[in-house]
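Undergrad: This is what each chain is made of:
2 protein chains.
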Amino acid sequence: MREHIHLQKDRFLEELKDFLRIPSISSLSEHREDVRKGADWVVNALQEIGMENVNILETNGHPIVYGDWLHAQGKPTVLIYGHYDVQPADPLELWESEPFNPTIREGKIYARGATDDKGQLFIHIKALELLMAEHGSLPVNVKFCIEGEEEIASPSLAPFIHENAEKLSADAVLISDTSFIEKGQPAICTSLRGALAMTVNVRTANTDLQSGSYGGGVPNAIHSLVHILDSLHDEGGRITVENFYVGVPTLTDQLRKEVAAIPFNEEHTKEELGLDHLYGEEGFTFKERTGIRPTLEINGVTGGFQGEGVKTIVPSEASAKISCRLVGMQDPQTIYERIKQHLEKHKQEGSHITTETLIQAKPVSLNSQEAMLQKAADAYEKVYGVRPMFPKEGGSIPIVEVFGRVLDTPVVLMGFGLPSENLHAPNEHFYIDNFTKGIETVCEYLYKL
Amino acid sequence: MREHIHLQKDRFLEELKDFLRIPSISSLSEHREDVRKGADWVVNALQEIGMENVNILETNGHPIVYGDWLHAQGKPTVLIYGHYDVQPADPLELWESEPFNPTIREGKIYARGATDDKGQLFIHIKALELLMAEHGSLPVNVKFCIEGEEEIASPSLAPFIHENAEKLSADAVLISDTSFIEKGQPAICTSLRGALAMTVNVRTANTDLQSGSYGGGVPNAIHSLVHILDSLHDEGGRITVENFYVGVPTLTDQLRKEVAAIPFNEEHTKEELGLDHLYGEEGFTFKERTGIRPTLEINGVTGGFQGEGVKTIVPSEASAKISCRLVGMQDPQTIYERIKQHLEKHKQEGSHITTETLIQAKPVSLNSQEAMLQKAADAYEKVYGVRPMFPKEGGSIPIVEVFGRVLDTPVVLMGFGLPSENLHAPNEHFYIDNFTKGIETVCEYLYKL
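Line order of the protein sequences matches chains H and S.
Residue numbering for the first sequence follows the numbering used here, starting at 42 and increasing by one per position.
Residue numbering for the second sequence follows the numbering used here, starting at 42 and increasing by one per position.
Bound-form chain H, shown alone (with noise of 0.2 Å):
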């Protein structure tokens, strides 16, 4: 299989290519059109692997490719899930080469979505294209169910399970979306954090003020919105939102050393970020930090003037982005009204203020012991040489909690990236030697199932 690979791996690049050029951004309007192109060509990659029922199905939202293989009488069907749209390319200046412009340099291949997810959901396409090219057949039963929404927390794909419930049961859920522990050392994700995204607006009087005349006499929504942001920690990092720690677990011994066992170099994370300090809730590790506890990191600010030069203006309305990633038995929505709370009762005299939450997802937890997974760790070992690690990552996929859950049915988050990818980040690539083992390592797993 191998050899099969690296004969055609040009063309695979060439196709990925292809795909990477459509910026199927599915959080901005304008890109809807192009959302839908990155649906098209999924249909089209689909059948032209022999795939058949390959259908649009329309959502409220992006639409969902469906397609399946199911002529293996007898043997497990296996429902690969993926994702075709991306997050946006903003700040593009810092962008080496174009974000829709995929570029091959030193081994990786540059672009929005090369490793989140659209060369990791390929591999899946190209193992397909390999195992049918040799054998005119699959070792199991196929479906693939392909969304357009990831990236803003999959809104239609979570009903559409519970809809569909019958048509996509599987005997497991095979999931490329996660990454590596480093590069040659893989790793079957067995925990995801839930993720609560919101936003915040503040608004003070009904216009912007000159402030040499009311300036120190009125309030500033900027003052009133830094003030309830800054008021969100404490000085050593941990989250004073009242009640928010409730249903996180207690961070046991064991816990503790299964993710000290995954390897980590200060210093090297230090350096590749540029930083001088790490910085977070205090009495915990990084890797604890950023994989077990829950987090509230303000994402984006704005307010006022922003433009060249100076105005002098008490500004009458501010806002933030805020998301927090949840563990335990966190539920997002109980998270939010205490946030509300928290912000009501630190806000300024005079000012005003509204939220809305953008994206809710429950923490999810997977048993690595599991057959299905189990076999994953083998098909990873024979093609790479190392046995995966079982990590708790910080991320958040909120689909993989409904798969589980709605199924019945265990989820495989078998990823290719590698942590430095800067996923969501300018400058998002995608090893290709990754991508070339990866479509080996899914052969090897379809037939050991």
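Treat the hints with care, since some could be wrong.
Said to hold, decoys possible - Simulated DEER-style distance windows between Cβ atoms:
no. : chain 1 : residue 1 : chain 2 : residue 2 : range
1   : H       : Asn284    : S       : Lys386    : 30 to 38 Å
2   : S       : Glu276    : H       : Lys298    : 42 to 50 Å
3   : S       : Gln382    : H       : Gln410    : 54 to 62 Å
4   : S       : Arg43     : H       : Lys386    : 33 to 41 Å
5   : H       : Glu276    : S       : Glu307    : 33 to 41 Å
6   : S       : Leu292    : H       : Glu283    : 36 to 44 Å
7   : S       : Asn284    : H       : Glu308    : 34 to 42 Å
8   : H       : Glu147    : S       : Lys386    : 24 to 32 Å
9   : H       : Glu308    : S       : Lys386    : 51 to 59 Å
10  : S       : Lys386    : H       : Pro290    : 34 to 42 Å
11  : S       : Glu390    : H       : His309    : 17 to 25 Å
Said to hold, decoys possible - Pairs of lysine-lysine, DSS-like flavour, derived with a Cα cap of 27 Å:
no. : chain 1 : residue 1 : chain 2 : residue 2
12  : S       : Lys311    : H       : Lys388
13  : S       : Lys311    : H       : Lys386
14  : S       : Lys224    : S       : Lys50
15  : H       : Lys388    : S       : Lys388
16  : H       : Lys311    : S       : Lys386
17  : H       : Lys50     : H       : Lys311
18  : H       : Lys58     : H       : Lys78
19  : S       : Lys388    : H       : Lys311
20  : S       : Lys224    : H       : Lys386
21  : H       : Lys489    : H       : Lys224
22  : S       : Lys311    : S       : Lys224
23  : S       : Lys386    : H       : Lys388
The set of hints was computed from the structure by calculation and includes no laboratory data.
Where is the CB? At the ideal position from N, CA and C, for every residue including glycine.
Using the hints provided, position chain S relative to the given structure of chain H.
TA: Quick look at chain S alone, frame taken from chain H:
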């Protein structure tokens, strides 16, 4: 004179509309050519009313327009100052009519620059036109010095005044760029606060990071920024920068009485601004806070993801614009250094701060008993039937201090604006009644000299 004004009012307003159509925004480099058009317009207007030696004087920034008429032998010389540049117009969506499409509604002319300062400057041009038309000469010698950088704190005019002190020498500097107390109650401002405007930029990692992988474990530039911004005031609204209040005059009973004498209707102000509460430094009244106390306001803030939807990043950069109003002996450069020290002291680990100063202007105080001011008061009284008050204004006109000091001349701040005219904000306007009465008042004043 009143009839002459009335007869030509419509033409005057059409001419003013022409002036207001020029988007001469001095702070935005893309409007550089428009600012020059503003200068050309002033040159033409001065030539048309018979001014001599009318010239565009180049500077490192936007040009200064000079013109004079010096044939009133043995009579005093008045230097008329004004500015043809305007503030930026954003946020555009809050304007009821376009900022550079002047529109008359209910006796007011709406446009950016209507009151600040094109409308007020135009009063002088039209007053001189009428005097020339009536007598073929003027009762005093007149010099015009009109700049295009007032809204960016007059960086070129200050050195220009130093270099041309002889050319600009006068018995009074006459400026209309301030406001009445309220409709029907004129004012000659006798105190202007100084100003400091600066930017602060916070940088953490070398790129934005995915909050799933790094959130909670690395410094967040917005967290760091809101922390230092919130640290600038205490809960009582007092500025916490060390030694900030050094040089601020002690509030004597006499001064409190003077300030309290200026009428102020708190309920009316709150209603007008749509505010439940006013806000400010504890222990001081609104008029004290906005007139004679120093202030520190955050004018704008920006950082991270501000687009539609969600981008769960840990932002690596965030910045704010800050401006102070200064009083008494407060020196802008010293205050800037003190704020920088405060920011460094309060910054979070792993964040780097850079600052830049954009405006520096010293506070200024004028003597209300000076003959040149008392004659101006007489002119107002004759036209409006009310003697003007002599308030201490909260705003800053940086060049006033330079004119007074370098030319050693009384400065007469003969304003015709109203506090409610939204200067520096959407829907800026100018009362046409004060425009016509202003022309009459200026004519009266020049006769009285």
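Undergrad: Could you run down the list of hints and mark each one as holding or not?
TA: Each hint, compared with the structure:
| no. | hint | result |
| --- | --- | --- |
| 1 | H:Asn284 <-> S:Lys386: 30 to 38 Å | holds, 33 Å |
| 2 | S:Glu276 <-> H:Lys298: 42 to 50 Å | holds, 44 Å |
| 3 | S:Gln382 <-> H:Gln410: 54 to 62 Å | holds, 58 Å |
| 4 | S:Arg43 <-> H:Lys386: 33 to 41 Å | violated, 59 Å |
| 5 | H:Glu276 <-> S:Glu307: 33 to 41 Å | holds, 38 Å |
| 6 | S:Leu292 <-> H:Glu283: 36 to 44 Å | holds, 41 Å |
| 7 | S:Asn284 <-> H:Glu308: 34 to 42 Å | holds, 40 Å |
| 8 | H:Glu147 <-> S:Lys386: 24 to 32 Å | violated, 43 Å |
| 9 | H:Glu308 <-> S:Lys386: 51 to 59 Å | violated, 28 Å |
| 10 | S:Lys386 <-> H:Pro290: 34 to 42 Å | holds, 38 Å |
| 11 | S:Glu390 <-> H:His309: 17 to 25 Å | holds, 19 Å |
| 12 | S:Lys311 <-> H:Lys388 | holds, 19 Å |
| 13 | S:Lys311 <-> H:Lys386 | holds, 23 Å |
| 14 | S:Lys224 <-> S:Lys50 | holds, 20 Å |
| 15 | H:Lys388 <-> S:Lys388 | holds, 23 Å |
| 16 | H:Lys311 <-> S:Lys386 | holds, 23 Å |
| 17 | H:Lys50 <-> H:Lys311 | violated, 35 Å |
| 18 | H:Lys58 <-> H:Lys78 | holds, 14 Å |
| 19 | S:Lys388 <-> H:Lys311 | holds, 19 Å |
| 20 | S:Lys224 <-> H:Lys386 | violated, 40 Å |
| 21 | H:Lys489 <-> H:Lys224 | holds, 24 Å |
| 22 | S:Lys311 <-> S:Lys224 | holds, 18 Å |
| 23 | S:Lys386 <-> H:Lys388 | holds, 25 Å |
Checked against the numbered hints given earlier, the structure breaks hints 4, 8, 9, 17, 20 and satisfies all the rest.
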